[in-house]
Amino acid sequence: MLEWIRKLGRSGIGQFQKLGRANLFLLNTLVGFPGLLRRPGLVVAQLWSVGVLSLMIILVSGLFVGMVLGLQGYNTLVDFGAEESLGVAVALSIVRELGPVVTALLFAGRAGSALSAEIGLMKATEQLSGMEMMAVDPIHRVIAPRFLAGFISMPLLAAIFSAVGIYGGYFVGVGLLGVDDGAYWSQMQAKVDLYDDVFNGVIKSLVFGWVVTWIAVFEGYDAVPTSEGVSRATTRTVVYSAFAVLGLDFVLTALMFGD
Amino acid sequence: MKSSKTTELMVGMFIAAGTAALFVLAMRVSNLSSFDTGDTYRLTARFENIGGLKVRSAVTVGGVRVGRVSAIDYDIRHFQAVVTMDVENKYMGFPDDTAASIYTAGLLGEQYVSLEPGGSEELLKNGSQIELTQSALVLEKLVSKFLFDKAAEGGEKKGDQQGDKQ
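If you read the sequences in order, they're chains A and B.
Under our numbering, the residue at position 247 of the first sequence is numbered 247, and the numbers go up by one with no gaps.
Under our numbering, the residue at position 24 of the second sequence is numbered 283, and the numbers go up by one with no gaps.
Quick caveat, the hints were computed from the structure, so don't treat them as lab data.
Incorrect hints may appear among the rest.
[What the hints assert, rightly or not] Listed below are the simulated DSS-like cross-link pairs for lysine-lysine, each with C-alpha atoms no more than 27 Å apart in a straight line: (1) B:K313 / B:K409; (2) B:K313 / B:K264; (3) A:K7 / A:K18; (4) B:K384 / A:K191; (5) B:K349 / B:K264; (6) A:K191 / B:K349.
[What the hints assert, rightly or not] So, partial list: chain B residues that the calculated Cβ filter (under 10 Å) puts toward chain A: (7) T265; (8) V288; (9) S289; (10) Y350; (11) L382; (12) N385; (13) S387; (14) F407.
Backbone N, C-alpha and C define an ideal beta-carbon position, used for all residues, glycine too.
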């Protein structure tokens, strides 16, 4: 019994230590940001691998999510003779929720896991220690550009997802099911608010980008430097990111839209 | 990794596409046009019942949106709801016997304030109060009144029939 309580305490202390390490790590990364102004090339290279290479999955998923919403929304709304409101239904659900959340989940799977694996492997092959030997701070040189690139890419990807999704809904609703073209856009414009809906969606995607990238680079940096450790770190990145995104989404939604 | 020129080009296109998508969301999807921050003047109106009116609900004249509801308060001394409206300055100059009513857009839509100008020479100014108001239509009240009337009617008829039998 006593042993069991001690185990609980040990794991609790371990969790808090990890949280503390993660915060110190974040602080150290932020300190490295001004140095990136002198080396924008590092960030551009990361924007390529984090942002541009994620574009395909975001475009395809956005299109299909929008098309499914158009189809399902139409089938529900047509029963009430309200199929003209399809634009509102698609736009609000994508801009407020699905855009930021689905993008963050895909981003964690596509870019976050790659970041963790890359950094974890750098640690396992002692490249990070090598940098330290050369008096180069690996956090400033390796982590900071990746973190910044993730933080910049995520809102852009979410915006692309949302825009493509709305056109996907348009394609199915107006193109295939015969909703009025003008009604689709005018109802949407009447009901979607720039600040309440679009900006709050962007704020959500900024928060998710911050959290997912933070988890990804920290898990990689904190990985046990073995093959198994790297594989665990990658798994943890995806799992923790999903938890964090879905949990934070509820909190943010309650703060933003819960009058 | 590809050569750094291609990388830079692709990253530039990615950022441009992301910004363009944000722009599309702002211009094409949302109500940017109705988000004017022009100068406004303030009108208040007292209602017995405002139904489902909310802050930021529309204020219209003849179906044209001229402003928004900026505050809703309850006056505990007169037992009335006080609705404060911000109307754009270019729509200055309604007569002071303008009437304010709360209507519903469609059967289940949002509620909004509708102003109907009167014929007075005096004009409403910033901070004026609209005297003629008509409360929101509450559907439940209407239905219960209708049912009550029907029931009363039915009761009378029944009474008549019983009278006939006797």
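Results of checking the hints against the structure:
1. B:K313 / B:K409: violated, 33 Å
2. B:K313 / B:K264: Measuring from Cα to Cα gives roughly 54 Å; hence the hint is violated.
3. A:K7 / A:K18: Given that 27 Å is the threshold and the Cα spacing comes to 16 Å, the pair holds.
4. B:K384 / A:K191: Violated, at roughly 31 Å.
5. B:K349 / B:K264: violated, 53 Å
6. A:K191 / B:K349: holds, 24 Å
7. T265: Constraint on T265 (chain B) satisfied, holds at 9 Å.
8. V288: Holds - the Cβ of V288 (chain B) comes within 10 Å of chain A, reaching about 5 Å at its closest.
9. S289: holds, 4 Å
10. Y350: violated, 20 Å
11. L382: violated, 31 Å
12. N385: violated, 25 Å
13. S387: violated, 29 Å
14. F407: violated, 29 Å
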